[in-house]
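Peer 1: As they're listed, the protein sequences go chains A and B.
Take 1 as the starting number for the first sequence in the UniProt record's numbering and just add one per residue.
Take 1 as the starting number for the second sequence in the UniProt record's numbering and just add one per residue.
One should not assume that every hint holds.
Result set (SDA-like, lysine to any residue): computed pairs, CA atoms no more than 25 Å apart in a straight line [to be verified]:
{"id": "1", "chain 1": "A", "residue 1": "K84", "chain 2": "A", "residue 2": "P3"}
{"id": "2", "chain 1": "B", "residue 1": "K246", "chain 2": "B", "residue 2": "D283"}
{"id": "3", "chain 1": "B", "residue 1": "K68", "chain 2": "A", "residue 2": "E28"}
{"id": "4", "chain 1": "A", "residue 1": "K127", "chain 2": "B", "residue 2": "Q86"}
{"id": "5", "chain 1": "B", "residue 1": "K41", "chain 2": "A", "residue 2": "E28"}
{"id": "6", "chain 1": "B", "residue 1": "K95", "chain 2": "A", "residue 2": "L73"}
{"id": "7", "chain 1": "A", "residue 1": "K27", "chain 2": "B", "residue 2": "Y67"}
{"id": "8", "chain 1": "B", "residue 1": "K219", "chain 2": "B", "residue 2": "Q134"}
{"id": "9", "chain 1": "B", "residue 1": "K40", "chain 2": "A", "residue 2": "R109"}
{"id": "10", "chain 1": "A", "residue 1": "K70", "chain 2": "B", "residue 2": "E76"}
{"id": "11", "chain 1": "A", "residue 1": "K108", "chain 2": "B", "residue 2": "V88"}
{"id": "12", "chain 1": "B", "residue 1": "K40", "chain 2": "B", "residue 2": "N107"}
{"id": "13", "chain 1": "A", "residue 1": "K108", "chain 2": "B", "residue 2": "A84"}
These are calculated hints, taken from the structure and not from any lab test.
From a predicted model like this one, the values you see are computed outputs, not experimental measurements.
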Amino acid sequence: MNPRSCVNIHKEWDIVGARQLGREMAKEIGFGTVDQARIATAVSELARNIYLYAKNGQVCFEYIYTNSQKGILMTAVDTGPGIKDISRVMQDGYTTSGGLGAGLPGVKRLMDEFDIESAAGEGTKIKAIKWIR
Amino acid sequence: MEETIRKNTVKYQKLLQKYIETQDEKSLYDLELISKAFIKKNILPEELINLHIQAMERIYPQLLEEYKLSMEFLLEATVFYGLALQEVDYLRQEKDVLTSEISVAANMQKTLLGTQRPEVSGLDIGAISVPAHQMNGDYHHFTKGSNGTIGIAIADVVGKGIPAALCMSMIKYAMDSYPEATMSPNKVLENLNRVVERNIDPSMFITMCYAHYLPAESKLRLSSAGHEPGYIFRAETEEFEEVRAKGIVLGVMPDATYREYELAIQKDDLIIFLTDGVSECRDGDRFIETEELLEVIRKYIDLPAQELVENVYQYFEKLQDFQLRDDFTLIVLRKEV
Numbered sequence: 001m002n003p004r005s006c007v008n009i010h011k012e013w014d015i016v017g018a019r020q021l022g023r024e025m026a027k028e029i030g031f032g033t034v035d036q037a038r039i040a041t042a043v044s045e046l047a048r049n050i051y052l053y054a055k056n057g058q059v060c061f062e063y064i065y066t067n068s069q070k071g072i073l074m075t076a077v078d079t080g081p082g083i084k085d086i087s088r089v090m091q092d093g094y095t096t097s098g099g100l101g102a103g104l105p106g107v108k109r110l111m112d113e114f115d116i117e118s119a120a121g122e123g124t125k126i127k128a129i130k131w132i133r
Numbered sequence: 001m002e003e004t005i006r007k008n009t010v011k012y013q014k015l016l017q018k019y020i021e022t023q024d025e026k027s028l029y030d031l032e033l034i035s036k037a038f039i040k041k042n043i044l045p046e047e048l049i050n051l052h053i054q055a056m057e058r059i060y061p062q063l064l065e066e067y068k069l070s071m072e073f074l075l076e077a078t079v080f081y082g083l084a085l086q087e088v089d090y091l092r093q094e095k096d097v098l099t100s101e102i103s104v105a106a107n108m109q110k111t112l113l114g115t116q117r118p119e120v121s122g123l124d125i126g127a128i129s130v131p132a133h134q135m136n137g138d139y140h141h142f143t144k145g146s147n148g149t150i151g152i153a154i155a156d157v158v159g160k161g162i163p164a165a166l167c168m169s170m171i172k173y174a175m176d177s178y179p180e181a182t183m184s185p186n187k188v189l190e191n192l193n194r195v196v197e198r199n200i201d202p203s204m205f206i207t208m209c210y211a212h213y214l215p216a217e218s219k220l221r222l223s224s225a226g227h228e229p230g231y232i233f234r235a236e237t238e239e240f241e242e243v244r245a246k247g248i249v250l251g252v253m254p255d256a257t258y259r260e261y262e263l264a265i266q267k268d269d270l271i272i273f274l275t276d277g278v279s280e281c282r283d284g285d286r287f288i289e290t291e292e293l294l295e296v297i298r299k300y301i302d303l304p305a306q307e308l309v310e311n312v313y314q315y316f317e318k319l320q321d322f323q324l325r326d327d328f329t330l331i332v333l334r335k336e337v
């Protein structure tokens, strides 16, 4: 009923794999076209961060249910250098975005819930949820 | 947001259909109104494309599969436009917050650093100080001692905007603690120099001129810390005389000393102090010459002091297309009797 599927990220091609899995699972549970596109974009950003900065990591998806809602939870975990100053990377317009609105603030916008844990030298864990509207 | 989309779905579909059938301008105008409503409600581009896809599928149920897929492709392409738009919107809000904070600070600065032109019979005083941006990096003030001495301070921090403005508060509070009227101008500058030297960043410095006008003796005593020279318009010859006083800028040498200069002032002479925002006004890419500045002052020389400075300011404001490049401060004193 609630399988957890993961994609390992270590080469650029894996980003495509993660997008595809995320989109398929989103479509399966009933997300509309716009939200599917948003989820895929969020997956892209998270997987790309792993590929660029941590080199190795994993993006996982699972369905989540509450009494009134259902949605998708994605978890991106890596064992890379970690993020020293989280508030800085969560700031809009910070270097990584380059005015594209991308980066972690972008992911936060695309999704409904967002949580990040990171320690320098230990890696980063990001959880993001999108609920079906 | 979803409410707005729902409300406009049918409307959009009707307009689209009408346009496809008749290509009329009215539909396009009505569409413009819908777009505006969407932008107001922060509807993102991908939502609009989606609305379009749905409308097309409803009007033409037999659409080509290739067409449908192409629209999905387009929708994917716009997701990032939506993100970039939201970021810009956020930055704009943040800018508004900053702007309003700065305007509060600028008002506070006006209150803190404000000075009154003293009322002295036989002396007509005019002063104007306008910042290039919101915060003023020029400073001037007047004091009136119990013996009738008028103290005049005019200063300019290198640089402008907020850092310069913060620096100016320091000058003001340091001076407040001095018995200005009984302290000679060179001592005022020597004391200030020590304060500035100890407290500001080595890359910053302040130029300043401090003067005492002694009405009983008709004398002007002044010292300068690298400040723009002042001028005296001599009524008798109708010529401007440059008041060049030597002295190092404040904040560079800990034990700088300053020389005091004394000038006799005659009836109807006009004493002029200014900052480089006045003497370095620009006409296009060209700095104005001192002669031009003095000619402008001469043009208004018969006006009361305050009207004179205001007219000179308006002249240069207009010359520079209403965009000051630097803070502008001009003070004049006319001995009337």
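Peer 1: So which of the earlier hints does this model not fit?
Peer 2: 1, 2, 5, 6, 8 and 12
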